[in-house]
Amino acid sequence: MSLNRRAALALGAAAVASPALGAPSDPIAGWTVINALGGLNDPNHPGAASVTPRMLADAHASGETAVNITLGYVFGPGDPYQLTLKEIAENDADIRAHSADLLKVLSVADFARAKAEKKIGLIYGFQNCAMMGQDAGRVDGFAKAGVRVFQLTYNDANQLGDGSMAPQGRGLTPFGREVVERINANRCMVDLSHSGRQICLDAARASKQPISINHTGCRAVTDLPRNKTDEELRLVAEKGGFVGIYFMPFLNLSGHATAADVVAHIEHALQVCGEDHVGIGTDGGTTQIDDLEAYKAALAKEHEDRVKAGISAPGERADTHPFVDDLRGPDQFRKLAGLLAARGHKTARIEKILGGNFVRYAHDIWDA
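In terms of numbering that gives the first Met the number 0, the sequence shown has 191 at position 192, counting the first letter as 1, and numbering is strictly consecutive.
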């Protein structure tokens, strides 16, 4: 699919052999597994067709029901509004061309439809609202086009407020409040991933509906700007929202996060938010990288470009992988379920974390 926020390489992960979906040994068979922020990509062929047989096969094998994909402007050159319109059209075309495998998610009912039809549901989402320009009414058009998740800022500042790396730390601007009002009016999600602390707190209080932080870590566990404070996490949960934990290097100060780190951040989020408000937003895909040595060179170049663009965050380095080395590929969701079970979490809770809580939140926003 068309994704503008990272090079396609950065969304891949190395796979291990996984059991067939629905097989007796499959611990997540029958579950609704939702990745609150991820990708559908083949990182080995970034210049190939938008959708390849391999990326589809891996997504199906993972047991994933649906994934929130990033489209539209995130950072860099180009007109944010025109670029976003173009990418929405491109993604619509991809879904039409692969209708046997892909389904555009517009409501919670589409999750059940995706499972019944053995398709991968694609949730359209933004990771920056810069494409609004100075016209909050553009939210209406994007919602009509099928966008269901509106992340207010990326790492830097925009006209709505400040991202996690903006030094001023502004909260929600008057225009940002207008945009939140329009997102509410269209029954879409207000996402505060990548945001600064103040805008997150402001938006949680200003929004008439619960908000989400679809991909983050916990600042109390790993003190990095991309992770959220307990104050932010608690307020989002108290307002009925959703918090997704990512599989990213920001989960460990070394920049080399492990599956154990993912579990630690999930468990802290459970303590702060309660088990009805925590899920996963991996920030990655399900197709493996075949040549990790070549990938390291590409990653170093990408990191250099992000630093030059001013959108790199502490915890990102030239030698860090933007995924968790031992929790990746088509088996990542099954492995996480097993790790949580080994820690004593009951099946009902694990099923909530892997998708049930996002479904509940989506129902409260999209279908209420």
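Hints are computed from structural coordinates only; laboratory data are not their basis.
Hints may contain errors.
[Said to hold, decoys possible] With a straight-line cut-off of 27 angstroms between C-alpha atoms, the simulated DSSO-like cross-links for lysine-lysine are:
id	residue 1	residue 2
1	Lys207	Lys143
2	Lys103	Lys143
3	Lys103	Lys117
4	Lys334	Lys345
5	Lys295	Lys307
6	Lys295	Lys117
7	Lys117	Lys143
8	Lys334	Lys295
9	Lys238	Lys345
10	Lys103	Lys85
11	Lys85	Lys345
12	Lys114	Lys295
13	Lys307	Lys345
14	Lys307	Lys334
15	Lys207	Lys300
16	Lys103	Lys114
17	Lys114	Lys334
Hint check results:
Our distance criterion of 27 angstroms between C-alpha atoms is met by Lys207 and Lys143, whose separation comes to about 20 angstroms. For the proposed pair Lys103 and Lys143, the alpha carbon gap of about 13 angstroms is at most 27 angstroms, so the pair holds. At most 27 angstroms may separate the alpha-carbon atoms for a hinted pair to count; Lys103 and Lys117 meet this at roughly 13 angstroms. Under the criterion of a C-alpha separation no larger than 27 angstroms, the hint pairing Lys334 with Lys345 is consistent with the structure, at around 15 angstroms.
A distance of roughly 18 angstroms separates the Cα atoms of Lys295 and Lys307; the hinted pair therefore holds under the 27 angstroms criterion. Pair hint Lys295 plus Lys117 does not hold up; C-alpha atoms about 35 angstroms apart against a cutoff of 27 angstroms. Taking the CA atoms of Lys117 and Lys143, the gap is about 26 angstroms. The hint holds against a cut of 27 angstroms. Between Lys334 and Lys295 the alpha-carbon distance is near 25 angstroms, which keeps this suggested pair within the 27 angstroms criterion.
A threshold of 27 angstroms between alpha carbons decides the hint, and for Lys238 with Lys345 the separation of about 25 angstroms falls inside it, so the pair holds. Taking the CA atoms of Lys103 and Lys85, the gap is near 17 angstroms; set against the 27 angstroms cutoff, the hint holds. With a C-alpha separation of about 44 angstroms, the suggested pairing of Lys85 with Lys345 is violated against the 27 angstroms cut-off. Only pairs whose Cα atoms come within 27 angstroms are accepted, and Lys114 paired with Lys295 is rejected, the gap being roughly 36 angstroms.
Taken as a hint, the Lys307 and Lys345 pair is broken in the structure, with Cα atoms around 46 angstroms apart against an allowance of 27 angstroms. Proximity of Lys307 to Lys334 is assessed by CA-CA distance (about 36 angstroms); at most 27 angstroms being required, the pair is judged violated. A threshold of 27 angstroms between alpha carbons decides the hint, and for Lys207 with Lys300 the separation of about 42 angstroms lies outside it, so the pair is violated. Of the supplied pair hints, the one linking Lys103 and Lys114 holds, its CA atoms being roughly 13 angstroms apart against a limit of 27 angstroms.
Taking the CA atoms of Lys114 and Lys334, the gap is about 21 angstroms. The hint holds against a cut of 27 angstroms.
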